[in-house]
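Peer 1: With the hints as a guide, bring the two chains together.
Here the protein sequences line up with chains A and B, keeping their order. Position in the first sequence counted from 1, then plus 2, gives you the working numbering. Position in the second sequence counted from 1, then plus 12, gives you the working numbering.
Treat the hints as calculated values from the structure; they're not laboratory data.
Okay, the calculated beta carbon distance ranges per label pair:
1) A:Q71 - B:Q26: 42 to 52 Å
2) A:P42 - B:S70: 19 to 29 Å
3) B:Q26 - A:S82: 47 to 57 Å
4) B:G52 - A:S117: 18 to 28 Å
Far from chain B, by Cβ distances over 10 Å, these chain A residues were calculated:
5) S9
6) E19
7) P43
8) F66
Covered stretches of chain A (chain B as the covering partner; in silico rule of three or more C-beta atoms under 8 Å from a C-beta of chain B):
9) 45 to 57
10) 108 to 118
Given the structure is predicted, the values throughout are model-derived calculations rather than measurements. Think of the CB as a built atom: it goes at the ideal place given N, C-alpha and C, for glycine as much as any other residue.
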Amino acid sequence: AQTVTQSQPEMSVQEAETVTLSCTYDTSESDYYLFWYKQPPSRQMILVIRQEAYKQQNATENRFSVNFQKAAKSFSLKISDSQLGDAAMYFCAYRIPNTGFQKLVFGTGTRLLVSP
Amino acid sequence: EPEVTQTPSHQVTQMGQEVILRCVPISNHLYFYWYRQILGQKVEFLVSFYNNEISEKSEIFDDQFSVERPDGSNFTLKIRSTKLEDSAMYFCASKFRTGDSGNTIYFGEGSWLTVV
Chain A
3 AQTVTQSQPE MSVQEAETVT LSCTYDTSES DYYLFWYKQP PSRQMILVIR
53 QEAYKQQNAT ENRFSVNFQK AAKSFSLKIS DSQLGDAAMY FCAYRIPNTG
103 FQKLVFGTGT RLLVSP
Chain B
13 EPEVTQTPSH QVTQMGQEVI LRCVPISNHL YFYWYRQILG QKVEFLVSFY
63 NNEISEKSEI FDDQFSVERP DGSNFTLKIR STKLEDSAMY FCASKFRTGD
113 SGNTIYFGEG SWLTVV
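With the rest of the complex left out, here is chain B (with noise of 0.2 Å):
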């Protein structure tokens, strides 16, 4: 069953450092979404991404973050300047255009970033 895949699986970074974290969503599907969760904490809404742009974010994303399709296969969201309370499980997730089959989102197994 095709699935959507992260790198890395954890990461370490000192505050202030830029991370990048990489996503291959399912090959035919579209939509394309990062969500976070904090430890403890409910699942949150970052961003979505359609045909190379941002179709919505929350008001977590600020300027630090940014998303980036640099190719047909990669996602990626970049935290410019990591701040302690950016420590987190970052899921992306990814959803095909249309139909029944794309009333669901997929989600990968997430990338654990601890900033120190």
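The following block holds chain A by itself, in its conformation from the complex (with noise of 0.2 Å):
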């Protein structure tokens, strides 16, 4: 069975600083998606980034940028030039691809406290 692990239950950052949030999984398939969603604290789901496990090259959107070790089976997110919007929970995320139906499965996620 697939597991997300985020080992980090809260990261604190200042403002206009860097920080990486940590994720692990397991699964035996070559190929799968991963995700980074954000959860601020309205609630909603929103998707940060997405990493084709096929691909080697890391993905970036913006400040954000995963750094994906597929032999590792890491993948985590770091987030740059921090602001006072970017607090919420982060949930990591793993999904096999091309089979329609299959499910997200989330980490415990890690909440990020930003700082003036």
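Peer 2: Quick look at the structure:
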């Protein structure tokens, strides 16, 4: 069974600094997708970034980038130039592609605190 | 940008009552999901729906739960006789059929259900 582990329940960062959130996963599949979702106090689940396992290049979206280490089954999220609006719960998630119905498997989340 | 919309945003109901949570997925999406998040816990998969039938469900999705796509736009989750432990945020999500954009699941803002 696929599992996703986020070992950091909470992280703190100062505005304008960089922070890295960790995520590891367990799977026997060779092709899959990994996601980071952000959940602000409003509780909405917002897609931050997506990584396809077959791509060696790490995904980037503006200030957000990932460090994808397939052999180590690690998928960390780096937030550069942190802003107050980045404060939220961040969930790492895994999904098998191209099977239509497959569900997302979520980690337990990391709460990110951003201080001025 | 198209989005998944959910109603109500918050509902309080008495134990034993029936509840229907409504969702309007993104218009050209074909796969639909319900997830739930009990306060302080991770997001859990409930059910996926495709071609007017359930394609996968979790052990949480027992006989008390049902889903329906009554018309071309709405997707509903019904809880027949609510229990205290059903109190949670319920997220609707949808996905396009296939291709690059078909591998990302988009979430609504959630419906917060409180059972008293």
